[in-house]
Amino acid sequence: MNPFAYSAPTDTDAALVAIQTDFNDSMPNRFLAGGTNLVDLMKADVMHPARLVDVNGLPLDAISETADGGLQLGALARNADTAYHPWVRTRYPLLTAAILAGASPQIRNMASNGGNLLQRTRCHYFYDVGVPCNKRDPGSGCSAIGGVTRQHAILGASSHCIATHPSDLCVALAALGARVHVQSARGEREIEFADFHRLPGDTPQHDTTLAADELITQITLPAEAAAFAAHSVYLKLRDRASYAFALVSVAAALQLDDAGRITQARIALGGVAHKPWRKPDAEALLHGALPHDALFARVADALLEGAQGQGQNDFKITLAHRAIIRVLQSAVVGTLTNRDEGDASAEESLQ
Amino acid sequence: MLTENHATATPPSPVTMAAPLYPIELTVNGTRHQFEIETWVTLLDLLRERMLLTGSKKGCDHGQCGACTVLSNGRRINACLALAVSQNGHEITTIEGLADGNQLHPLQQAFIDHDALQCGYCTPGQICSAVGLMREGEAHTTAGVRELMSGNVCRCGAYPQIVQAVSQVMGIAPAAQPEAPVRPTVVGTVLS
Numbered sequence: 405m406n407p408f409a410y411s412a413p414t415d416t417d418a419a420l421v422a423i424q425t426d427f428n429d430s431m432p433n434r435f436l437a438g439g440t441n442l443v444d445l446m447k448a449d450v451m452h453p454a455r456l457v458d459v460n461g462l463p464l465d466a467i468s469e470t471a472d473g474g475l476q477l478g479a480l481a482r483n484a485d486t487a488y489h490p491w492v493r494t495r496y497p498l499l500t501a502a503i504l505a506g507a508s509p510q511i512r513n514m515a516s517n518g519g520n521l522l523q524r525t526r527c528h529y530f531y532d533v534g535v536p537c538n539k540r541d542p543g544s545g546c547s548a549i550g551g552v553t554r555q556h557a558i559l560g561a562s563s564h565c566i567a568t569h570p571s572d573l574c575v576a577l578a579a580l581g582a583r584v585h586v587q588s589a590r591g592e593r594e595i596e597f598a599d600f601h602r603l604p605g606d607t608p609q610h611d612t613t614l615a616a617d618e619l620i621t622q623i624t625l626p627a628e629a630a631a632f633a634a635h636s637v638y639l640k641l642r643d644r645a646s647y648a649f650a651l652v653s654v655a656a657a658l659q660l661d662d663a664g665r666i667t668q669a670r671i672a673l674g675g676v677a678h679k680p681w682r683k684p685d686a687e688a689l690l691h692g693a694l695p696h697d698a699l700f701a702r703v704a705d706a707l708l709e710g711a712q713g714q715g716q717n718d719f720k721i722t723l724a725h726r727a728i729i730r731v732l733q734s735a736v737v738g739t740l741t742n743r744d745e746g747d748a749s750a751e752e753s754l755q
Numbered sequence: 457m458l459t460e461n462h463a464t465a466t467p468p469s470p471v472t473m474a475a476p477l478y479p480i481e482l483t484v485n486g487t488r489h490q491f492e493i494e495t496w497v498t499l500l501d502l503l504r505e506r507m508l509l510t511g512s513k514k515g516c517d518h519g520q521c522g523a524c525t526v527l528s529n530g531r532r533i534n535a536c537l538a539l540a541v542s543q544n545g546h547e548i549t550t551i552e553g554l555a556d557g558n559q560l561h562p563l564q565q566a567f568i569d570h571d572a573l574q575c576g577y578c579t580p581g582q583i584c585s586a587v588g589l590m591r592e593g594e595a596h597t598t599a600g601v602r603e604l605m606s607g608n609v610c611r612c613g614a615y616p617q618i619v620q621a622v623s624q625v626m627g628i629a630p631a632a633q634p635e636a637p638v639r640p641t642v643v644g645t646v647l648s
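Quick note, the sequences are listed as chains P and V, same order. The numbering used here numbers the first residue of the first sequence as 405 and each following residue consecutively. The numbering used here numbers the first residue of the second sequence as 457 and each following residue consecutively.
Source of the hints: derived by calculation from the structure; they are not laboratory data. In this text the structure is predicted, and so the values were computed from the model without any measurement. What you were told as hints is all true, and nothing was included just to trick you.
To be clear about the criterion: a stretch of chain P counts as covered by chain V if any three or more of its residues have a C-beta under 8 angstroms from a C-beta of chain V, and this derived list gives those stretches:
#1 409 to 418
#2 439 to 446
#3 456 to 463
#4 503 to 516
#5 739 to 745
Residues of chain P clear of chain V, computed beta-carbon distances all greater than 10 angstroms:
#6 THR425
#7 GLN476
#8 HIS528
#9 SER547
#10 HIS585
#11 GLY591
#12 ARG593
#13 ILE595
#14 THR607
#15 HIS610
#16 ALA663
#17 ALA686
#18 ASP705
Using C-beta positions, here's what the derived DEER-type ranges look like:
#19 V/CYS612 with P/GLY550: 35 to 45 angstroms
#20 V/GLY545 with P/PRO542: 36 to 46 angstroms
#21 P/ASP599 with V/GLN565: 52 to 62 angstroms
#22 V/ARG488 with P/ASP599: 43 to 53 angstroms
#23 P/GLN609 with V/GLN574: 44 to 54 angstroms
#24 V/LEU508 with P/GLY710: 54 to 64 angstroms
Glycine included, each C-beta is placed from N, C-alpha and C at the ideal position.
All chains, full assembly: derive it from the sequences and hints.
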């Protein structure tokens, strides 16, 4: 690891000043929260900040209700505490399910919610400083194109970058319509979740629309998204059963009326693009409809419209299509939290 | 409580450029310690190389294997991904701190009783992880134990025995139906 300066302020204003101290564009200062991704990237020499501003002492770890009945997740609340929080698992079980599908218990104990949004791609070429990568070294080229592409994007990629966003948590936040609250010395703003992450285009070095001096302070979940609690499923398909990144993941949240018609639907895909993938047009196909497999297949077609493989990951298109149908079938029946509820038979009947 | 000052016992830094040192205080296995360390020192390196507590292992150093698992303020974490400066003021428990004198921790004894190791390299991390698992209270079945121990890799493949050992200490009954073997039990047997 390269030498770096360090400070650990205990109030947010001090942290927002500290991040600007001797700011150097070639070695930009970074906030340190759980460190599970940043410290690893510093060891690999992929990231080399001149200064770390440790925000773990800031009072941003609460999970509380918002004035309109939604939920506010502190940026520094840990992934595990968020997943197991009674309000999260009863009102937004999709979020519990997605968090528990990701990483390991140790990492979920360390990793913060804000940091999860800012984690970098697991593209092997991004991690390998011996090869060109436009995300790591803009303008140097993309080594993944034409390389080993099993993990790479099938949607929204560009000729500059085919990396995927690795988060599970973010897929659920996208489906639930979360908002990201950020703060800098210049002021505060809110970002719709769909606008937080970006597609690579010709500037893949930017994963998000966050400025370098902006700090995520909280993530809010709208009250109306709690209406999906009875029909929420997160399915993650990967090369082993636990502790691996998604090849494809699907978050689905439905609302059904008494006649069994779908009144609202949200679907987001993970592991397929540079950001969680949502298409409101595809979701709208379900509104007012009785659930059936042919309809689910049309929804999958619409979500995957324009999907393009890189050769080795062509299978992801078929895999995603089938996963979307399966998740919708499950979500019509009920909700899976991916917790160990002590009753295996209930979960098996859904999967 | 004993206090040991390690500031003067710190070996000289191998880098030629002087790096600023940051004072931190940690309580490790019940004893308070003070250090002056460079920013880039991980908790794992501090434990192993400055305190010579080599029970916690450096397997992958990237948070992928769990061999470095320790408890920080009672929660299991990967010590390889934690900067020591960021742990300032925390209480750390390592495998060396689990036994009560000559009385092994129940998980240590269970690992012996169930033969839950072969080479033993992952074992300190497995046991610290299992202590954290028990405190979290989220595992209620053997399937839950398996899933919630998945952050600890065992290359020898002692997983069935590890799950048995942890489940026994947690009072979780073995699955009613043993899982059917998915492979022929005789090596080299080809099923037609």
